[in-house]
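Q: Whenever a hint applies, use it, and build me the whole structure from the sequences.
Protein chains: 2
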Amino acid sequence: MEKIVHAIQDEYSADFAWCYGCGRMNESGHHFRTGWDGERTMTIYDPAKEHMALPGFVYGGVIASLIDCHGTGSAAIALHHKNGHKIGDGVEPPRFVTASLQVDFLKPTPQNVPLKAVGTVEEIHPKKWKVHTEVYANDILCARGEVVAVVMPSTFLEKENS
Amino acid sequence: MEKIVHAIQDEYSADFAWCYGCGRMNESGHHFRTGWDGERTMTIYDPAKEHMALPGFVYGGVIASLIDCHGTGSAAIALHHKNGHKIGDGVEPPRFVTASLQVDFLKPTPQNVPLKAVGTVEEIHPKKWKVHTEVYANDILCARGEVVAVVMPSTFLEKENS
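These protein sequences, in sequence, are chains A and B. Mapping of the first sequence onto my numbering: position 148 corresponds to residue 148, and the numbering continues sequentially without gaps. Mapping of the second sequence onto my numbering: position 8 corresponds to residue 8, and the numbering continues sequentially without gaps.
Mixed in with the good hints there might be a few duds.
Treat identical chains as interchangeable: a pair holds within one or across any two.
Stated by the list, open to error - Cross-link-like lysine-lysine pairs, in silico, DSSO-like; alpha carbons within 30 Å at most: (1) Lys86 - Lys127; (2) Lys82 - Lys107; (3) Lys116 - Lys128; (4) Lys82 - Lys49; (5) Lys128 - Lys49; (6) Lys49 - Lys86; (7) Lys127 - Lys107; (8) Lys130 - Lys116; (9) Lys3 - Lys82; (10) Lys86 - Lys130.
To be clear, the hints were calculated from the coordinates, so they are not data collected in a lab. Treat the numbers as computed from the prediction; the structure is a model and nothing was measured.
A: Following this line, the structure appears as structure tokens:
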């Protein structure tokens, strides 16, 4: 199984690291971690046994979750790069939220295989990025997704504290 | 909090009741349950504390999962009705899988509020139905979704046993 060595989610500030999908502070979550291989973004995830649609096949909601956080993570990597930084250089990256999520389930996704989400990122506005993702199991393309991610509004944390 | 009395997922055969989203046999899952209020389909779900995007807001992947299983459940209700049956009449309903899932996240979704997914169903082919869903928290529309659901191919269980 390939590994993501440097993940953008490792660099989010602790306040922004509670996401059930990709937050390192959330003990119960999936802990999706998204890296950069020089050309594309990549998230590798091994679903748990209970994450099934039927025995033998991965639940679509978990695949959608993978595409969702891979999308916000990929957008964060792209804007961080645009700002002249790279993962692990000690500068906190931007944090994105999901405006929309589209998933096409192309094939039943087998269990007991690590899933690999691979992404390309397109800037559609300085604060709004589109991420195109393919999810592979054993090099078989099982799902294709698209996320529109926007820079997190400052009101998110303000609301929490109000 | 409103309750779903008769849910279509209660009627799936045990073989098809393992879904992490809506399977009653899956001890770790969300146990989404979808009913019919006479006009629309409805799924009510109270996310767990850990299902957060940030503290105070529900994780989008859980909302996508709700829309996903609400979609397949709604399609099953619609085809069951078309076949002359209703939930709880003792006849096993059809079982759908998700071909595609689209979610627009309209507002940050507050935690500690039951979510209500409300659906309308449109037949686009005898085995392919489109479900339009709105997700409300405290009567505030937080997300809108669309699922294309198809009748589960028989190969699903055959593959499992092969």
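Q: For every hint, state whether the structure bears it out.
A: These are the hints, each one checked on the structure:
For the identical chains of this complex, Lys86 and Lys127 are intra-copy neighbours only, at 18 Å inside a copy versus 48 Å across copies, given an alpha-carbon limit of 30 Å. For the homomeric pair Lys82 and Lys107, the shortest alpha-carbon distance between copies (28 Å) is at most 30 Å, but the shortest distance inside one copy (35 Å) is not. Proximity of Lys116 and Lys128 under a CA criterion of 30 Å is satisfied in both settings, with 24 Å inside one chain copy and 29 Å between copies. In the homo-oligomer, the alpha carbons of Lys82 and Lys49 never lie at most 30 Å apart, since the shortest distance is 39 Å inside one protomer and 35 Å across protomers.
For the identical chains of this complex, Lys128 and Lys49 are inter-copy neighbours only, at 29 Å across copies versus 35 Å inside a copy, given an alpha-carbon limit of 30 Å. When the C-alpha separation of Lys49 and Lys86 is checked against a cutoff of 30 Å, the pair qualifies neither within a copy, at 34 Å, nor between copies, at 33 Å. Taking identical chains as interchangeable, the C-alpha atoms of Lys127 and Lys107 lie at most 30 Å apart only when they sit on different chains, with a minimum of 17 Å there against 33 Å within one chain. In this assembly of identical chains, the alpha carbons of Lys130 and Lys116 lie at most 30 Å apart whether taken from the same copy (19 Å) or from different copies (29 Å).
In this homomeric assembly, Lys3 and Lys82 come within 30 Å of each other (Cα to Cα) only inside a single copy, at 25 Å, whereas the closest approach across copies is 49 Å. When the C-alpha separation of Lys86 and Lys130 is checked against a cutoff of 30 Å, the pair qualifies only within one copy, where the shortest distance is 19 Å, while the shortest distance between copies is 42 Å.
In the structure shown, a violation is registered for the earlier hints numbered 4 and 6, in ascending order.
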